[in-house]
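Residue numbers (our numbering): 1 to 224.
Watch out, some of these pointers could steer you wrong.
[Claimed, not checked] Restraint ranges, calculated between C-beta atoms of paired labels, are given here:
{"hint": "1", "residue 1": "Asp159", "residue 2": "Phe128", "range": "22 to 30 Å"}
{"hint": "2", "residue 1": "Pro90", "residue 2": "Pro63", "range": "15 to 23 Å"}
{"hint": "3", "residue 1": "Glu210", "residue 2": "Gly32", "range": "26 to 34 Å"}
{"hint": "4", "residue 1": "Arg102", "residue 2": "Ile56", "range": "18 to 26 Å"}
{"hint": "5", "residue 1": "Cys196", "residue 2": "Arg38", "range": "18 to 26 Å"}
{"hint": "6", "residue 1": "Asp104", "residue 2": "Val33", "range": "48 to 56 Å"}
In case anyone wonders, no lab produced these hints; they're calculated from the structure.
Just so it is clear, CB atoms sit at the ideal spot from N, CA and C, and this is done for glycine as well.
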Amino acid sequence: MFAILFDIDGTLINTGGAGGTALLKAFSEEFGVETPERVPFAGRTDRGIAANLFRIHEVPNTPENWDRLRLGYLRELVVQLPLHEGQVLPGVEQVLAALAARDDVHLGLLTGNVREGARTKLEHYRLFQHFSFGGFGDLHADRDDVAREALRETRTRLDQHFHPERLWVVGDTPLDIRCARAIGARVIAVGTGGHCRDELKQAGPDLLVEDLSEATEVLGRMLL
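Could you build all of it, start to finish, from the sequences and the hints given here?
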């Protein structure tokens with residue numbers, strides 16, 4: 001039995017900037033900041049991005065303010081997704097269909113998105129039905145902690161003694177690779193995000209592919 005945990009942005013889909021636009025617009029509207037300063041998004045968790053915005057703009061990083069931002073973001077995300085030219089990335093639909101056909105493979109998410117944001121994005125691109133568990137960015141600023149949450153959820157769903165060497169993480173940033181290593185999982189890096197091949201290779205994935213169209217056959221051989 002295997003589990004495969006997918007990152008979302010830059011790995012499964014590209015929203016064309018809808019997520020970042022929604023978050024910054026929600027921050028501006030909730031906290032009266034006319035032009036919120038941009039912070040790094042790739043590989044970060046929504047909770048961590050929010051913490052950076054709070055710090056830069058001297059907004060108290062309280063649970064109440066986080067809830068305001070999160071709910072404002074979720075409302076705005078629904079508006080922004082249809083306004084941006086996003087796409088499902090190459091090979092994604094094929095690899096998900098091939099893996100879903102196997103009884104011994106379970107698909108989940110390991111993403112910095114808040115849970116409802118992940119659902120909203122994946123439903124927009126008609127991919128959500130493939131995933132039933134995972135780790136999300138609601139609580140954790142550090143992606144390694146999201147990975148630990150995802151491993152706990154995997155064990156709850158599948159087997160309390162599930163060994164992480166039978167767990168694969170698929171992502172597009174060095175932080176995806178790092179968080180996979182934090183839980184002892186193996187990792188496939190895809191070059192469909194904002195990081196060049198050399199950056200990803202230096203982070204030490206088990207497999208590096210240009211996009212997921214290269215991964216279907218390889219995964220079939222590896223998951224034995």
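* With 15 to 23 Å as the target window, see if Pro90 and Pro63 comply at their CB atoms. => violated (40 Å)
* To do: Note whether the CB distance of Asp104 and Val33 lies within 48 to 56 Å or breaks it.
  => Since the Cβ atoms of Asp104 and Val33 sit about 49 Å apart, the hinted range of 48 to 56 Å holds.
* Can you let me know if the beta-carbon spacing of Glu210 and Gly32 is within 26 to 34 Å? => With a Cβ separation near 43 Å, Glu210 and Gly32 fall outside 26 to 34 Å, so the hint is violated.
* Could one say that the CB atoms of Cys196 and Arg38 fall in the range 18 to 26 Å? -> Holds, at about 21 Å.
* **Whether the CB-CB distance between Arg102 and Ile56 falls inside 18 to 26 Å** => violated (45 Å)
* If you check the beta carbons of Asp159 and Phe128, does the distance land in 22 to 30 Å? -> Given a distance of about 24 Å, which is inside 22 to 30 Å, the answer is holds.
Violation of the numbered hints given earlier is confined to hints 2, 3 and 4; the remaining hints are satisfied by the structure.
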